[in-house]
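Based on the hints, put chain H in the right spot on chain Y.
The residues making up each chain are set out below.
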Amino acid sequence: MDRLTYFPGCSLKDEAKEFEISAMAVMEALELPLVEFERWNCCGTVFSLTEDDLMHQLASIRNFIRAQEAGSEEIVTSCAMCYNTLKRSSLFVNHAEERLEKINAFMDEEVAYEGKVEVRHLLEIIRDRIGWEKVEEAMIHPLEGLSVAPYYGCMLLRPKQVGIDDPDNPTIMRDLIDALWATPVEYAFQAECCGSYQVVDHRELIVERTYRILSSARRAGADVVITSCPLCQYNLRETQSELKEKIPTYDEMPVVYFTQLMAIALDVDSGELPGPLLARLPIEEGVGKGEG
Amino acid sequence: MSEQENATIRIHVMGKTYRVPAGLTIMDAMEYSGYRFIRGAGCRSGFCGACSTIYRREEDYRLQFALACQEMAEDGMYLVQLPFTPAPRSQYDLEKVDPTENVLLQYYPEIARCVACNTCTKACPQDIEVMDYVQAALRGDITRTATLSFDCIQCGLCTMRCPADIKHYHMAQMARRIYGRYLSPVPEHLEERLREIEEGVCDSELDKLVAMNEEELVIAYAARIREEE
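From first to last, the protein sequence lines stand for chains Y and H.
Its first residue numbered 1, the first sequence is counted upward by one per residue in this note's numbering.
Its first residue numbered 1, the second sequence is counted upward by one per residue in this note's numbering.
Isolated chain Y, as found in the complex:
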């Protein structure tokens, strides 16, 4: 069986365990399992924009070396933030001889990085290597009647060079939702920034953005929002408690990872699901925990 050289990222071992649990289970079911490679380190987030600052590329490149050691020329990650950082690093150093030479001279404790490792996001793999038809075939519980709003945020789409889809009019998540027989919801803020790290110092800004994004999805009829980024997920999920305090009538919007939605449909382990989503699922209880 083919397998993917998998980079989990720190968040998936910690805050976003349900993302990893569901991604692993889904890929196992789709017969292209994710296999974590040895000794990976933090992706180096966030990508450094300084042209001559090679130090901040080391984290990504060390991961490429580990993949190279594992005999792979590709690493796959499901975290949008890791994807963005790793992908931009790969574009920065792959085929850039002078940079590679400097970096390899500094990392003299490692084998030289050959500049060949490609970075791919799990959604791309599902679209391009598995195909929506196969996802549909593997489905056990069609999600008919469930309206799903895709939330891309920034990291999957921008900058254009690393985007897995059209940055202005992405369709990859909509196609996934279609494949699961759910109803994709079109709304204005699917590629709007969630506020990212501002959550540390300016939480009120995130609360405002969460309101804008989720109420737009709600007005468009969404039952649930899907994401691919642990930080977007955290921001959209956690700041809703503040919204409930401010707006007594605020109705919580469930936010889950795209792999969790797939896990429900494929009847494999989805990790923990929010209560309000379970209540809205058009299928019987217990589904999505691999118990069905």
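Quick caveat, the hints were computed from the structure, so don't treat them as lab data.
No incorrect hints appear here.
Pairs of lysine-lysine residues, derived as BS3-like cross-links and limited to a Cα-Cα distance of at most 27 angstroms, are as follows:
1) H:K122 x Y:K102
2) Y:K244 x Y:K17
3) H:K96 x Y:K13
Beta-carbon label-pair distances, calculated as ranges:
4) H:P83 x Y:D166: 58 to 64 angstroms
5) Y:A220 x H:Y92: 45 to 51 angstroms
6) Y:D201 x H:D75: 54 to 60 angstroms
7) H:E188 x Y:G145: 48 to 54 angstroms
8) H:R195 x Y:I140: 46 to 52 angstroms
9) Y:E252 x H:E192: 46 to 52 angstroms
10) Y:E38 x H:P99: 23 to 29 angstroms
11) Y:P159 x H:P109: 26 to 32 angstroms
12) H:D165 x Y:Y197: 17 to 23 angstroms
13) Y:A112 x H:P99: 37 to 43 angstroms
14) H:V80 x Y:E69: 34 to 40 angstroms
15) H:P99 x Y:I140: 35 to 41 angstroms
Covered stretches of chain H, going by a simulated chain Y footprint (3 or more residues, C-beta under 8 angstroms):
16) 109-122
17) 132-139
Keep in mind the model is a prediction, meaning the values are calculated, not measured.
Yeah, the Cβ is synthetic: ideal placement off N, Cα and C, and Gly gets one too.
Same frame as chain Y, now just chain H:
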């Protein structure tokens, strides 16, 4: 060159060149040259971590790192003994910490600044994969942090060299303490024996021993049952 000169090497300490016998450690060579260590020296056996040192070889721009009591002095070495450089250590009550993923980040948030440059690992005289355990800590893997850092002798070279000001050795010590307190498997035989002791299973035998005079003790000792070797 006479044979006697052959048996000596040159070392440079603070800009001055000394000739010392070959075959000395860095620490011995410096002491031979007249330096006296009040700080920066301890067990002299490679265990206490007090004598972390840096040196350079002639014709090599890179700094090298070692324990002065372990590394042999070589001809042409530039030596300098590091003063005591304490790193800030977080205060915590082991009985009150929450042994979940984020605890190391909570007490040592600077680990999130790691850029994976691996300078710490290169500096470690114990050949510990220091950067790997910082990365493990970053993703909340306390067990891996504790296991990888097990050979640490707290010399602090990693922390002195880190461009991100991470306090590796203090953070790892906390990880090992949490591991020992909360995560390591409980040895069942030990638990059972402790319970037996508390229940007084051994008390009567112990009372017998206490009541014996010297002569009886000698006889009892000679007649003791020994486990087969």
